[in-house]
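Sequences and hints are given; from them, build the entire structure.
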Amino acid sequence: MTSDGRALELADRAWRAAEADEADAVVHVEQSGFARFAASEVHQPTLIRDETVTLRVVRDGRVGCAVTNRTHDEGLREAARRAAEAADSAPPDPGYAGLQPPSEVPGVAGYDEATASLTPEEQAASAAQAIEAAPDYGLYGYFTSGVTETAIASSTGHSVSQQMTDASALAIAASGDSSGYAEATSWKTGELDPAAVALEAAEKAARTRGAGEIEAGTHAAILEPYAFSELLWYFGFSSLGALPLLEGRSYLSGRLGERLFDERFTLIDDGLDPTGLPKAFDLEGVPKQRVTIVEDGVAKDVVWDRRTAKRAGEGHVSTGHGLTAPAQGFGPLPLNLCVMGGDASPDELAERVGDGIYVTRLHYLGVVDPREGLITGMTRDGTFRIEGGKVTKPLVNLRFTTSFPKLIEGLLGLSEEVVLVNRSDFYDERYPFGTKVPAVATSAFTIVGTGSAPGL
Amino acid sequence: MRDLCGQAIDVATASGAGYADSRAVTRRVQHVATKNGEVESVSESETEGIGVRVLVDGAWGFACDRRLSAEGAREAAERAVAFARASAGRAGRRRVELAPAPAEKGEYRTPAKRDPVDVPLSEKVELCLRAEAGMKHEDVKITEATVRAQREERAFRSSEGADLFQEFVECGAGIDALAIREGRVQLRSYPSAHGGSSAQAGWEYVEGLDLEAEAPRVGEEAAALLRADPCPSGVTTVVLDSEQMVLQVHESVGHPTELDRVYGTEAAYAGTSFLKPGDLGSLRYGSELMNVTADSTTPGGLGTFAYDDEGVPAGRQPVVEAGVLRGFLSSRETAALIGAGHGGSMRADGWSRMPLVRMTNLHLEPGEGSFDDLLADVDDGIFMCTNKSWSIDDKRLNFQFGTQIAWEVKHGKKGRMLRDATYTGVTPVFWGGLDGLAGAEGWQLYGLTNCGKGQPGQHAHVSHGTAAGRFRNVQVGVRDV
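If you read the sequences in order, they're chains A and B.
Going by my numbering, the letters in the first sequence line up with residues 11 to 466, in that order.
Going by my numbering, the letters in the second sequence line up with residues -18 to 462, in that order.
Every clue listed holds true.
Estimated spans, in silico, between C-beta atoms of each pair:
| no. | chain 1 | residue 1 | chain 2 | residue 2 | range |
| --- | --- | --- | --- | --- | --- |
| 1 | A | P101 | B | Y89 | 34 to 42 Å |
| 2 | B | K257 | A | G15 | 51 to 59 Å |
| 3 | B | A421 | A | K198 | 57 to 65 Å |
| 4 | B | P101 | A | S127 | 42 to 50 Å |
| 5 | B | M398 | A | G364 | 41 to 49 Å |
| 6 | B | G433 | A | S185 | 20 to 28 Å |
| 7 | A | E273 | B | E185 | 56 to 64 Å |
| 8 | B | M398 | A | D146 | 52 to 60 Å |
| 9 | A | F340 | B | P101 | 23 to 31 Å |
| 10 | A | A216 | B | K257 | 22 to 30 Å |
| 11 | B | N454 | A | V327 | 54 to 62 Å |
Just a sample of chain A residues kept apart from chain B, beta carbon distances all over 12 Å, derived:
| no. | residue |
| --- | --- |
| 12 | G15 |
| 13 | E29 |
| 14 | A194 |
| 15 | K198 |
| 16 | R217 |
| 17 | F275 |
| 18 | A319 |
| 19 | S355 |
| 20 | E397 |
| 21 | E427 |
Straight-line Cα separation of at most 25 Å, DSS-like style, residue types lysine-lysine; simulated pairs:
| no. | chain 1 | residue 1 | chain 2 | residue 2 |
| --- | --- | --- | --- | --- |
| 22 | A | K320 | B | K16 |
| 23 | A | K400 | A | K416 |
| 24 | A | K310 | A | K416 |
| 25 | A | K320 | B | K122 |
| 26 | B | K122 | B | K16 |
| 27 | B | K117 | B | K16 |
I should point out that these hints are in silico values taken from the structure, not numbers from a laboratory.
From the three backbone atoms N, C-alpha and C, an ideal C-beta is built for every residue, glycine too.
Structure (structure tokens):
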């Protein structure tokens, strides 16, 4: 981890500008480049430089926040004034859990100088490598890389910072009647091969021509890591944080300790994993913990922040999954979910399915019923039939409305290989996160309708 | 801000840009959220910066910098040119051409009686707490209220001579009641789901929502849903209230008529469109009752402006007339590709994102008659209200939406309440089934602040005016079995 210390110095100046009983400041610094392309042409190429301070002040038990990217002294004074005004406008907050006391945070990986120093020209060249690797298709996607730093300082004396890098290549290779998808993410750009990503997408696209339909109903299926990652993420934000658990909205509400899933299913949240997108602490400055959420099919725990831990009472502490104060209404989020791999090769997964559906990725998911873990969405860019234990003919895009718990209850196998899949859509400030998942084979993936054929 | 934009343009053109535009933006947002009678969040956010977009040898580049200073403007311009030049040399690439547009000079400010940002935060907190109190019910376990206010200043200059300044104010509010009993969870919201409704208007808009008056009904309906029967499965007649109709229009008409999606340039994220450029003037989108208009001049609309983020003047254009596709939402680049118009739908999220083709205000024009007239012609059907879940495919054809509440309709009358209602369809088939649309009296304007698109992602604020509508032969009650 390298940093010139400027972000931490800014966080320190920011909280000291506050007139308050307590205060903390979260600084987020970003420099990133997005070499986006469409139809193999450069499209929306974007270079971003920003730094943002989120200041939280506490005055007589009242909490107020101000956010600014005007980081000179006058800007910080103005932010402090507005945060104080916000606090004074509210009644005391009985749920306020105090600021993080001074504490050691774990050393983590996640910063790569080569990635941090990529120039816009090199980002554009990486996009060009992808485009040139798939000359027979229109290529749609991006190469992006960024360096970000999060620094937190507070009146308790807590002071932490972390510099992170991330890079992603994403490609859809498409024609009028075909489309295939691939992506790769790492905090080291040297581990990415944009051309290989494009080739994977092109090879997948070549197999999607002449897609047919399949009857609605519950089918056995293989979900590639891209697809399973998205389904898990939607289940995760609706059910695996402490807030929905405490409020009775989560699938796990009242069910912790029960065996809810196949015994081969173990799910953790691990921000410390050097092969993921590592984080040393959350956005309250709480050290990250590895949390076992499901172990051998038994629901064990969810992720916590300081506020939900206080609300739950004795025996509960923050696991390092809090967001910044203005976003605390979402509750803590599991941003580093990881499903343990299994024992199967891709061919063995298909054999276990026998007859069913092969799904590359999903599109536009919606949680229909969080209490039942019911999620709807479409398959996209590579859906196939599995016949006699082999992946065979292409299928049109399919609408599914399926229960995540039933899907895992009906587990047929997990691939040995586990893949990091980016989950950030890069809205607002860049904060890299993703899931690590295997491919999954299940007996229970419910199709409720058919959509269009692959292709543009 | 305008001077800085001018400086950025000068640097960009001197560095080799054949075209350049620059936007300097300041944005201030207030957000108040209360939950179960306590304040959850009171926050004030501000952001400012400058974004420079250039064409070098017909290739785009964009760069931004948070510093509203000569140094920030200069560096953003130089970096935008360098990024464009890095891709401009690729062999065989298409040169971007822009449809001609007048170089406008002008200013615009949102008409507002009371600037919502100047309303004291304490007044906003008190409003939320009062509204929440009205939703109390023994089965309602979670009540929430939110208020937001925003002021944004946007300066724009282009190398073609455009010189613009616009100031927008927005505000909005919403309440939610979550009833929970014996493992069952039911939600009701007002005036709209997913954070309420907003308008480009003064604080008088929030006062007009009258959250306190609606709160008891919201709480009671959430509790009643716990005991309601589930929506049955089958093919039937569906009546959508104006609020659910907003989402239907947004997802199945707004997004597919964005011309960048039609040309495939959003394939990597939001998706494409089932529409093709040649469909203009001939494709049957829906029944004769279907008339959809894009209007960036609608009073109170979140997509209202004098000039879009390419400097193109606001206007009103038909998108669907009597069920036939008549227009696309476009930019100067996509208008040049299709050879018609000059854009007018380009919008960027703040200073740090490149403008995209976005909805402005997209309205389903009203029909005739009352809501009761719609129901009167339903022998057996379901009336659905307020969005709960949504999903639609990448071409905007196959959709599945869920609503918070529904009622059975028998022999033209509202009957028993139904929970967990969902419906699914295919866009032109569904709109083809539209055989009743309420008149202007029931037409309402809603403002959404959560429309996502682009990579890196951008949020857009858009409005839709709609009335309740009746659709025949709709699949309802989609569940995992």
